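Engineer: The lines below spell out each chain.
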Amino acid sequence: MSASDLSRRDFLKLTRNILLAACGVLGLGGLVRFLDTRTQPDPQTDFDAGPADSFADGSRTLLSQVPAVVIKTAQGFTALSLVCTHLGCTVQIKPEGFTCPCHGSHFDPQGIVTRGPAGKPLTVLRTEVTPDGRLHVYTV
Amino acid sequence: MRRLIVIASALLLLTLLGIAWWESRLPRPVALTPTLTGQVEYCLTCHADIAQISNSHPVQTFGCVLCHGGEPLALDATLAHSTLRGGSNPSDFSVVQESCGGDKCHSGTPTSYSDHIQRATTSIQATYAGAIASILYTYGAQPDLSARYAVSAVQDPLSTSGITSLETFDPSLQTNPFIKLFGQDCLNCHLEAQPLDGQAYTRFTGCAACHTPTQAAGVASNTQIHKLTTAIPYTQCNTCHNRGNYDLRAMTFVPRQDTPTDRLHNYYQPIAQFTTCEYMLDCIDCHTRTEAMGNGSLYSNKLDIQYIQCKTCHGTLTELPQTRTLSDPNDLAFRLALLNPVVDLKLGDTILVTEKGEPLWNTRVLADGTYQLVGEATGQVFNFKPVKGSGCLQDPNEQSSAACHNCHSVVR
Chain E
12 MSASDLSRRD FLKLTRNILL AACGVLGLGG LVRFLDTRTQ PDPQTDFDAG
62 PADSFADGSR TLLSQVPAVV IKTAQGFTAL SLVCTHLGCT VQIKPEGFTC
112 PCHGSHFDPQ GIVTRGPAGK PLTVLRTEVT PDGRLHVYTV
Chain Z
3 MRRLIVIASA LLLLTLLGIA WWESRLPRPV ALTPTLTGQV EYCLTCHADI
53 AQISNSHPVQ TFGCVLCHGG EPLALDATLA HSTLRGGSNP SDFSVVQESC
103 GGDKCHSGTP TSYSDHIQRA TTSIQATYAG AIASILYTYG AQPDLSARYA
153 VSAVQDPLST SGITSLETFD PSLQTNPFIK LFGQDCLNCH LEAQPLDGQA
203 YTRFTGCAAC HTPTQAAGVA SNTQIHKLTT AIPYTQCNTC HNRGNYDLRA
253 MTFVPRQDTP TDRLHNYYQP IAQFTTCEYM LDCIDCHTRT EAMGNGSLYS
303 NKLDIQYIQC KTCHGTLTEL PQTRTLSDPN DLAFRLALLN PVVDLKLGDT
353 ILVTEKGEPL WNTRVLADGT YQLVGEATGQ VFNFKPVKGS GCLQDPNEQS
403 SAACHNCHSV VR
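Taken in sequence, the protein lines are chains E and Z.
Positions 12 to 151 (the numbering used here) are the ones given, in order, by the first sequence.
Positions 3 to 414 (the numbering used here) are the ones given, in order, by the second sequence.
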């Protein structure tokens with residue numbers, strides 16, 4: 012059937028069908044997109060710090076993605092959160108402990124407050140060595 | 003019927019295409035979850051280029067909404083800004099408690115050195131109580147110089163000065179024409195007031211009037227600047243001070259007529275007497291936080307809260323200035339030095355302190371018994387000696403600045 016053979020009725024029918032199909036496709040696309048909408052992902056709480064045997068006794072290793080520092084002694088692992096207990100800034104590692112660049116709080120190497128305004132020690136994070144020998148640090 | 007379906011389909015299609023086009027114009031959201039709030043905000047989608055306001059307020063910790071308000075998830079500028087606190091200035095006193103308050107922020111206790119809002123809002127710079135009381139007394143509207151009114155009503159239930167509250171000064175309730183004129187023409191220099199027109203007066207209101215250095219940045223009126231600092235240069239103080247006088251006969255502000263181009267001439271008005279240190283230092287090098295922001299109590303006059311004299315740093319013929327060797331890691335001196343690190347203070351350093359024990363944290367006593375001051379705004383180093391042991395001819399009982407000016411004023 013050539014275009015010239017298309018009757019007015021058929022043309023309108025074709026147009027209607029095209030419009031309905033387009034609406035259907037767009038509507039279905041919108042529905043899929045709506046159902047696929049993701050809220051912000053929950054913050055990560057489990058961090059793989061690498062092979063546990065890669066931490067030497069006496070070492071202090073920064074895990075900037077947590078942020079935390081892993082302290083390895085002969086007794087095992089301790090992880091200190093580097094989130095200042097005053098207002099939540101990231102404290103800096105210093106030879107004498109930790110200092111907060113925002114408001115000047117100081118903490119000793121064990122995370123105990125030696126200068127305010129922070130009133131609480133740095134949070135000790137839970138650590139675990141998995142069966143495959145990797146150290147994990149948990150923020151909650 | 004079929005025609006209706008076609009028309010409805012066409013309209014629906016156009017609507018869907020319109021929505022798709024509108025969505026394509028929206029920016030891709032840039033999410034930030036500040037540690038203090040834990041709530042996602044999309045402000046950085048449009049404002050990623052704004053400089054961090056200060057080292058004490060990192061954006062990763064504070065975000066934007068905690069201080070500024072606004073709609074954190076909106077991508078449309080009008081909607082996002084519809085609930086901003088204080089417009090572009092969340093430190094305006096009308097919203098400062100909500101923006102900057104909190105017991106861990108700026109409405110804490112005096113012992114934690116975080117009672118800034120209480121101090122600033124009760125300070126003479128905010129209440130203007132001294133000027134108001136003086137005018138009311140001068141024109142017979144009150145029997146003495148005790149403050150009864152402030153620019154805005156303010157309470158101080160824990161008053162240590164004896165003044166527990168000040169009422170709002172309303173010039174329209176006054177009958178004396180001069181007092182009415184005072185209300186009309188002379189309430190431009192308190193911290194709640196919009197500044198006068200002109201570059202020399204450009205400043206914000208509230209905390210930002212002093213802590214956001216519009217003059218140092220050279221910004222024009224209405225230009226935004228995203229910065230908070232305790233290193234306040236004298237030029238910022240000059241937006242209110244030293245830019246002219248209030249003529250009490252005409253009851254109007256008279257701008258100074260000179261056009262100074264250097265520090266020596268810019269600092270003080272032509273008629274003023276001052277010493278070298280008074281113009282080489284910045285205002286905040288001598289006027290402590292208590293003098294500038296008050297101590298949280300209401301006062302009738304700035305003289306009731308200001309107490310720094312030349313002898314605070316120089317001593318007298320018979321007494322050396324007061325000093326303190328820093329032995330407490332929580333000494334306020336360390337906090338102030340952290341906020342403006344022009345000096346590297348350490349435990350064991352000996353600094354000058356005021357008669358009220360306030361640390362002049364940017365000074366230190368040198369091994370030879372002389373003193374050193376590092377300019378808080380300039381970083382410039384000044385060495386000076388005590389009066390004791392010098393050839394100074396002062397009367398130890400006469401310590402007003404005018405007495406010192408008799409011999410030490412600068413000629414210009």
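Since the hints were derived computationally from the structure, they do not count as laboratory data.
The structure displayed is predicted, hence computed values, not measured ones.
Incorrect hints may have been included.
Some chain E residues judged to face chain Z by a derived CB distance under 7 Å, without partners named [unchecked claim]: (1) ASN28; (2) LEU30; (3) ALA33; (4) CYS34; (5) PHE66; (6) CYS100.
All C-beta atoms in this analysis are idealised placements derived from N, C-alpha and C, irrespective of residue type, glycine included.
Engineer: Each hint: holds or not?
Structural biologist: Outcome of the hint check:
1. ASN28: 9 Å, violated
2. LEU30: Holds, because the Cβ-Cβ distance from LEU30 (chain E) to chain Z comes to roughly 4 Å (cut-off 7 Å).
3. ALA33: 5 Å, holds
4. CYS34: 5 Å, holds
5. PHE66: Since chain Z brings no Cβ nearer than about 26 Å to PHE66 (chain E), farther than 7 Å, the hint is violated.
6. CYS100: 5 Å, holds
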